[in-house]
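Let's have the full structure, built from the sequences with the hints guiding it.
Numbering (UniProt numbering), first residue to last: 1 to 343.
To be clear, the hints were calculated from the coordinates, so they are not data collected in a lab. Remember, predicted model here, so these are calculated numbers, not experimental data. Wrong hints could be hidden among the right ones.
Unchecked claim - In silico lysine to any residue, SDA-like type, Cα no more than 20 Å apart, as pairs:
hint, residue 1, residue 2
1, Lys249, His140
2, Lys253, Leu54
3, Lys253, His140
4, Lys253, Leu126
5, Lys143, Ala206
6, Lys253, Thr161
7, Lys249, Asp141
8, Lys253, Lys143
9, Lys253, Asp51
10, Lys143, Lys249
11, Lys253, Ala43
12, Lys253, Asp141
13, Lys253, Gln187
14, Lys249, Glu185
15, Lys249, Arg183
16, Lys249, Thr161
17, Lys143, Asn240
18, Lys249, Arg114
19, Lys249, Asp193
20, Lys249, Phe195
21, Lys253, Ala47
22, Lys143, Arg114
23, Lys249, Phe302
24, Lys253, Ala55
25, Lys253, Arg114
Unchecked claim - Distance windows between CB atoms, simulated:
hint, residue 1, residue 2, range
26, Arg146, Gly217, 17 to 23 Å
27, Thr308, His174, 17 to 23 Å
28, Leu303, Lys143, 25 to 31 Å
Even for Gly, the Cβ is constructed at its ideal location relative to N, Cα and C.
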Amino acid sequence: MRTEAGCDAAGAVQRFAPDEPHAGGGKVHLPRVQVQIVTHESADGLAACLDAVLAQTVAPACVLIVDNASTDASVAIAEAYAARHPRVVVHILPHNLGYAAAHNLGFTRALDARMTHVLTLNPDVLLRATYLEHCLAALHDRKGRRSGGATGKLLRANGVTLDSTGLIMEVFFHARDRGAEQRDEGQYDAVRDVFGVCGAAALYTASFLNAMHHAAGYVLDETFFFYKEDVDLCWRGSLNGFTFLYAPKAVAKHERGWKAGQRPNALAEAHSFANQLSMVWVYVSPRSAGFWVAQLVEFARFLRLLVTRPSVARQIASLLLAQRAHRQEKRRMLRNARREEGG
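Okay, here's the thing in structure tokens:
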């Protein structure tokens, strides 16, 4: 493991001087944003991703790249940027710890450095120059609320097909990317609350990250090796009174590894299925009818996999068994948090 020091502790050049008075009265307290990118065999799009980050109108105080044991040119590209840009930091892991564990390293670093916000960014995302500016402005406009974070309008690489306009909760407790696969015709151009924010380009508030870490000892659930970590985090946040915001003027392009209509590989499908069930078992009361309807739906899906893809079904069963003790602990922490709120 190696960490390269290099972030400017004072933050980057911003739009206003610190504590400058503004029209609304009082002072503007400038945000300190850490952008963190987890890479694993991500060489193809990494340079373009970093160029877009470094071109933001609100410059991040730190750009942290956590590499999950890549064997391609990801590390070389990241280190080349770190050599040229003092705000870029590279953290190299000797083994692939997964998306959640790698991002948790970044969250800890950001909170220790007293960042005000953290942007989780996939290396296949290209931000428009004003992405951070518009997300921060949207959060500032609702500063009286308990904000967990914001996301912008994510488009596919063609620039016209929507990828995500925030997460929404649909039937049987499946969170989906709002607007995914639709043509962008302005139908999602209003600022609004959403169930959650897509982790591919999610701007979280430090207060939210601190609260989640304080409650559980972690931010992202590391038993979710990949897929649905962002859904789990937002679900926990919403149950603890946090809200999430969609800021349509913040625009980015996202080239997904798993596209709608394509059959996911066995490992991805197993993790996605197991993580979905784990969330329902933790966050939905078994006293509700919806819980049992969801169980019937998932059981039918599992039986189908048992027939059509038995190796995936076996992986799902193994993952669910391995997560059992952790699920019990999450339920216990959730009950305790509710007692504290009530007491």
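Against the 20 Å threshold, does the CA-CA distance of Lys249 and Phe195 hold or violate the hint? Since the Cα atoms of Lys249 and Phe195 sit roughly 19 Å apart, the hinted pair holds (cutoff 20 Å).
Hinted pair Lys143 and Asn240, Cα distance within 20 Å: Within the cut-off at roughly 17 Å; holds.
Pairwise hint evaluation, Arg114 against Lys249, where the allowed Cα distance is 20 Å at most: Violated, at roughly 27 Å.
Given pair status - Arg183, Lys249, alpha carbons within 20 Å: 17 Å, holds
Mind checking the alpha carbons of Lys249 and Asp141 for me, to see if they're no more than 20 Å apart? Holds, because 14 Å separates the two Cα atoms, which is no more than 20 Å.
Within 17 to 23 Å or not, the Cβ separation of Thr308 and His174? Hint holds: Cβ distance 20 Å, inside 17 to 23 Å.
Please work out if Lys253 and Arg114 have their alpha carbons no farther apart than 20 Å. 29 Å, violated
Holds or violated: Lys249 to Glu185, with C-alpha atoms at most 20 Å apart: Between Lys249 and Glu185 the Cα gap is close to 14 Å, so the pair holds against 20 Å.
Measure nothing beyond the straight line between the CA atoms of Lys253 and Gln187; if it is 20 Å or shorter, mark the hint as holding. 18 Å, holds
Satisfaction of the hinted span 17 to 23 Å by the C-beta atoms belonging to Arg146 and Gly217: 21 Å, holds
Hinted pair, alpha-carbon criterion (20 Å max): Lys253, Ala55. Please report holds or violated. 15 Å, holds
Pair hint Lys249 and His140, alpha-carbon separation not exceeding 20 Å: Given that 20 Å is the threshold and the Cα spacing comes to 14 Å, the pair holds.
The earlier numbered hints that this structure contradicts are 3, 8, 12, 18, 23, 25 and 28.
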